[in-house]
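Engineer: Chain residues, written in single-letter form:
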Amino acid sequence: MYNQILLAVDGSDHSVRAAEEAVKLATGSPESQVTIVYVADHANAKNEVLHSGSSMELDLQRRKKIHPVEETMAAQNIKYKVEILHGTPGPAIVEYANKEAFDILVIGSRGLNSLQEMVLGSVSHKVVKRANCPVLIVK
Amino acid sequence: MLEKLKTQWFGNVRGDILAGTVVALALIPEAIAFSIIAGVDPMVGLYASFSIAVIIAFVGGRPGMISAATGAMALLMVPLVRDHGLQYLLAATILTGVIQVLFGVFKVAKVMKFIPRAVMIGFVNALAILIFMAQVPHFIGINTLTYVFVAITLAIVYIVPRFFKAIPAPLIALVVLTAITIYYGFELRTVGDLGTISQTLPTFLLPDVPANLETLMIILPYSLALAVVGLLESLLTANIVDDMTGTPSDKNKESRGQGIANFVTGFFGGMAGCAMIGQSIINVKSGGRGRLSALVAGSLLMFLIIVLGNVVIQIPMPVLVGIMIMVSIGTFDWSSFSYLRKAPKADSVVMVVTVAIVVYTHDLSIGVLAGVLLSAIFFVAKISKIKVEKKLLEDAQYRVVGQLFFASVEDFLEKFDYEVEGQKVYIDFSDAHIWDDSGVGAVDRVVMKFKENRNEVIITGLDTGSQKLIDQLAIFTNDKAKLPSH
Chain A
1 MYNQILLAVD GSDHSVRAAE EAVKLATGSP ESQVTIVYVA DHANAKNEVL
51 HSGSSMELDL QRRKKIHPVE ETMAAQNIKY KVEILHGTPG PAIVEYANKE
101 AFDILVIGSR GLNSLQEMVL GSVSHKVVKR ANCPVLIVK
Chain B
140 MLEKLKTQWF GNVRGDILAG TVVALALIPE AIAFSIIAGV DPMVGLYASF
190 SIAVIIAFVG GRPGMISAAT GAMALLMVPL VRDHGLQYLL AATILTGVIQ
240 VLFGVFKVAK VMKFIPRAVM IGFVNALAIL IFMAQVPHFI GINTLTYVFV
290 AITLAIVYIV PRFFKAIPAP LIALVVLTAI TIYYGFELRT VGDLGTISQT
340 LPTFLLPDVP ANLETLMIIL PYSLALAVVG LLESLLTANI VDDMTGTPSD
390 KNKESRGQGI ANFVTGFFGG MAGCAMIGQS IINVKSGGRG RLSALVAGSL
440 LMFLIIVLGN VVIQIPMPVL VGIMIMVSIG TFDWSSFSYL RKAPKADSVV
490 MVVTVAIVVY THDLSIGVLA GVLLSAIFFV AKISKIKVEK KLLEDAQYRV
540 VGQLFFASVE DFLEKFDYEV EGQKVYIDFS DAHIWDDSGV GAVDRVVMKF
590 KENRNEVIIT GLDTGSQKLI DQLAIFTNDK AKLPSH
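Protein sequences, first through last, are from chains A and B. Quick note: the first sequence uses the numbering used here, first residue 1, plus one each step. Quick note: the second sequence uses the numbering used here, first residue 140, plus one each step.
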C-alpha cells in the first residue's frame with residue numbers, strides 16, 4: 001500500500017497527468033495522503049520578486065500554478081497538503097523526499113523548459129538517480 | 140533573542156564558510172571593476188567591500204545577504220570623484236551612512252511599497268545598461284587582442300559553469316588569462332595602468348576636506364542619491380533573499396545596518412556600497428544562510444588582496460571587462476520584453492521612461508524619482524475618470540460613479556445639464572466617493588447652479604467618509620450662500 005505519496009509538480013500539463021496517477025495510487029488505501037511539492041526555483045528568484053508586488057502576491061502566483069493539481073486531488077476526495085520548497089528543483093525534491101519517509105514519489109517526465117533540459121538534464125532523471133524511495137515517472 | 144543570534148551566526152557554519160569563500164573569490168573582480176567605474180584606485184572598492192561585508196555581518200537585518208562596493212553606487216559617484224576627488228567621496232560616503240541610519244530610524248523602508256514594480260524593473264535594466272556602457276571605453280578601439288580576450292573571458296564565464304561549478308567561473312577566467320598574459324607578455328592594459336594596489340589593511344583616517352558649509356553643499360546631493368539608491372537596491376536584494384530562503388527579514392534594521400556600514404567605511408578609505416543582487420544570489424545558491432558567510436567573504440577578500448596584491452595589478456583589463464559584461468547581462472531583466480507586451484501601457488511607459496532618464500542622466504536616483512512621479516500622475520489620471528449617468532424622468536436623476544477629487548472635478552461639473560427650471564434634481568452618490576475639498580467644492584457648485592434656476596436638489600447615497608467631508612466643508616446646506624464667483 002502506498003500511504004505516504006509525494007507528488008512533485010511544476011505547474012505544467014505533465015504534472016497534472018502525474019497528479020492523475022498519484023490519485024490512482026492514493027485511492028488504493030483509505031489512509032493514504034498526498035504531499036504536493038512545488039519548488040520555487042532559485043534561478044528565477046530575482047525575476048519573480050521583481051515582477052511581483054509583494055511576497056504575498058508571489059505566493060499566490062505559485063499557488064495558482066499548483067491549482068489544477070489541487071483540483072485533481074479534491075475532485076477524488078484525496079487527502080493532500082501542499083509544500084512550497086525553495087532551491088534548485090532536482091536537489092530540493094530529492095532532499096525533501098529523503099528527509100521524510102515516503103512510500104513513493106510521483107513526478108512528470110518533462111517540465112516546462114526543453115532548452116534548459118537539454119543543457120542541464122531533466123529534473124526527473126536526477127530525482128530517479130538520487131531519491132531513496134521508489135519513483136514513478138509519468139509520461 | 141540570544142538563541143536567535145546564535146542560529147543566525149552558527150546555525151549553518153559549514154555552508155556559510157563555503158559560500159563565503161565562493162563569494163570572496165567572485166567579489167574581487169567586481170570590487171576592482173566598480174572602483175574603475177567610479178574613477179578611484181582599486182583599493183577604494185576593495186577596502187569598501189571588506190569593510191561593508193564585515194560590518195553588515197554584524198549589524199545587517201538580512202542574514203545571507205552580501206553587501207559590498209556596487210555598480211549602482213559607483214555610477215552615482217563618477218561626477219563627484221571627477222570634479223572634487225577621492226576625499227570628497229569619502230566624506231560623501233560618511234554622510235550617506237548618516238542618512239541611511241536616519242532612514243532606518245524613521246522606518247523609510249515602508250515607503251518602498253510606493254515604488255511601482257515598473258520603476259524597479261526600469262531601475263535594474265538601467266543599471267545593467269550603465270554597467271555595460273562603462274565598459275565600452277575599455278575595449279572598443281584599443282587593439283584586436285583586447286577583443287579576443289573579452290571574447291575568451293565571456294566564453295569561459297558562460298561555458299565552464301555547465302561542467303564545473305566548484306570555483307566561480309569569473310575567477311577561473313581571471314587566473315587563467317592573467318597567467319597567460321604574464322607568461323606571453325601580451326600587450327594589454329592592466330589594472331595597474333589604472334591605479335595602484337597597496338597590500339595593507341585599511342587605516343582610520345578623517346577625510347581631508349574643509350569642514351564647512353560649502354563641503355556639505357557639494358556632497359549632500361550625492362549622499363542623498365547614494366542613500367536612496369543604496370537602500371533601494373538593498374531592499375530589493377533583501378526581498379530576493381527572503382524569497383530564496385523562505386524566511387522574513389527586518390528591513391528597517393537592514394537600512395540602519397547599511398548606514399552604519401557606509402558611515403564606518405568612509406573613515407577607512409572605502410567608497411559607499413550596498414547589497415549586491417548577484418553576489419547574494421551566489422551566496423544563497425552556494426549554501427550561505429547565516430551572518431557568518433558575509434564575514435568570511437569580507438575577511439577572505441582582504442586576506443587575498445594582502446597576499447596577492449602584486450598579482451592583482453597585472454590582471455588584464457579585457458578580462459575585467461568580460462566579467463562586467465557578464466554582470467550586466469545577469470543584472471538586466473530579460474523578461475522585460477514580454478513585460479512590455481503584456482503590462483498595461485502606462486506601466487510600460489513608466490518602465491521605458493525610467494530607463495531612458497537614467498541612461499541620459501547617468502543618475503539612477505533621478506530615474507527612479509521620475510518613474511515614481513510619472514506613475515503617480517498616470518494613477519491619478521486613471522482614477523480621475525468620473526461618470527455621471529443621467530435619467531430624465533419626471534425629475535432629473537443623476538448617478539455619479541467614480542472618485543471625486545481635485546483631478547476629476549472639471550469632468551464632474553461638465554456632466555450636468557443645468558438648463559432645467561423648477562424641478563427636483565436627485566444626485567445619487569452610492570457609487571462615488573468624495574476625497575477632498577475640491578470634490579466638496581464641486582458638489583457645492585452643482586447644487587448652487589441648480590438652485591439658481593429654482594430647482595430643488597436632493598443628494599443621496601453618500602458614504603460615511605464623503606458625508607463627513609460634506610458636513611465639514613460644504614456650504615450648500617446653507618440656503619443663503621451664493622455661488623462662489625470666479
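Hints are supplied without guarantee of correctness; some may be wrong.
[Claimed, not checked] Some, not all, of what chain A presents toward chain B, calculated at C-beta under 8 angstroms:
no., residue
1, Pro30
2, Asn47
3, Ser55
4, Leu58
[Claimed, not checked] Using C-beta positions, here's what the derived DEER-type ranges look like:
no., chain 1, residue 1, chain 2, residue 2, range
5, A, Asp59, B, His572, 39 to 49 angstroms
6, B, Gly604, A, Pro91, 46 to 56 angstroms
7, B, Ile505, A, Glu57, 48 to 58 angstroms
8, B, Leu447, A, Pro91, 56 to 66 angstroms
9, B, Phe253, A, Lys81, 32 to 42 angstroms
10, A, Asp103, B, Val498, 50 to 60 angstroms
11, B, Ala520, A, Asp13, 40 to 50 angstroms
[Stated by the list, open to error] If you want a taste of the chain B side facing chain A, the calculated C-beta under 8 angstroms gives, among others:
no., residue
12, Phe471
13, Ser474
14, Glu560
In case anyone wonders, no lab produced these hints; they're calculated from the structure. It should be emphasised that the depicted structure is a prediction, and the values quoted were computed from it without experimental measurement. In this text, a Cβ means the ideal position worked out from N, Cα and C, and glycines have one as well.
Engineer: Compare the structure with each hint and give your call.
Structural biologist: These are the hints, each one checked on the structure:
1. Taking 8 angstroms as the C-beta contact cut-off toward chain B, the hint placing Pro30(A) at the interface is violated, the least distance being around 33 angstroms.
2. With its C-beta approaching chain B no nearer than about 6 angstroms, Asn47(A) sits inside the 8 angstroms limit, and its interface hint holds.
3. Among the interface hints, the one on Ser55(A) holds; its C-beta lies about 6 angstroms from the nearest C-beta in chain B, closer than the 8 angstroms criterion.
4. Using the Cβ-Cβ criterion of 8 angstroms, the hint placing Leu58(A) at the interface with chain B is satisfied: the shortest such distance is roughly 7 angstroms.
5. As the Cβ distance of Asp59(A) to His572(B) is approximately 31 angstroms, the hint placing it in 39 to 49 angstroms is violated.
6. Checking the proposed 46 to 56 angstroms range against Gly604(B) and Pro91(A) shows it holds: the Cβ atoms sit about 53 angstroms from each other.
7. Here the CB-CB span from Ile505(B) to Glu57(A) is close to 28 angstroms, at odds with the stated 48 to 58 angstroms.
8. In this structure the hint that Leu447(B) and Pro91(A) lie 56 to 66 angstroms apart at CB is violated, the actual value being about 33 angstroms.
9. Our hint of 32 to 42 angstroms for Phe253(B) and Lys81(A) holds, since their Cβ atoms are close to 37 angstroms apart.
10. Between Asp103(A) and Val498(B) the beta carbons are some 57 angstroms apart, a value that agrees with the proposed interval 50 to 60 angstroms.
11. About 41 angstroms separates the C-beta atoms of Ala520(B) and Asp13(A), a value consistent with the hinted range of 40 to 50 angstroms.
12. Proximity of Phe471(B) to chain A is violated relative to the hint, the smallest CB-CB distance being about 11 angstroms (cut-off 8 angstroms).
13. Interface hint at Ser474(B): satisfied, since its Cβ lies 6 angstroms from the closest Cβ of chain A, which is below the 8 angstroms cut-off.
14. Against a cut-off of 8 angstroms between C-beta atoms, the interface hint on Glu560(B) is violated, since the closest Cβ of chain A lies about 52 angstroms away.
Checked against the numbered hints listed earlier, the structure breaks hints 1, 5, 7, 8, 12 and 14; every other hint is satisfied.
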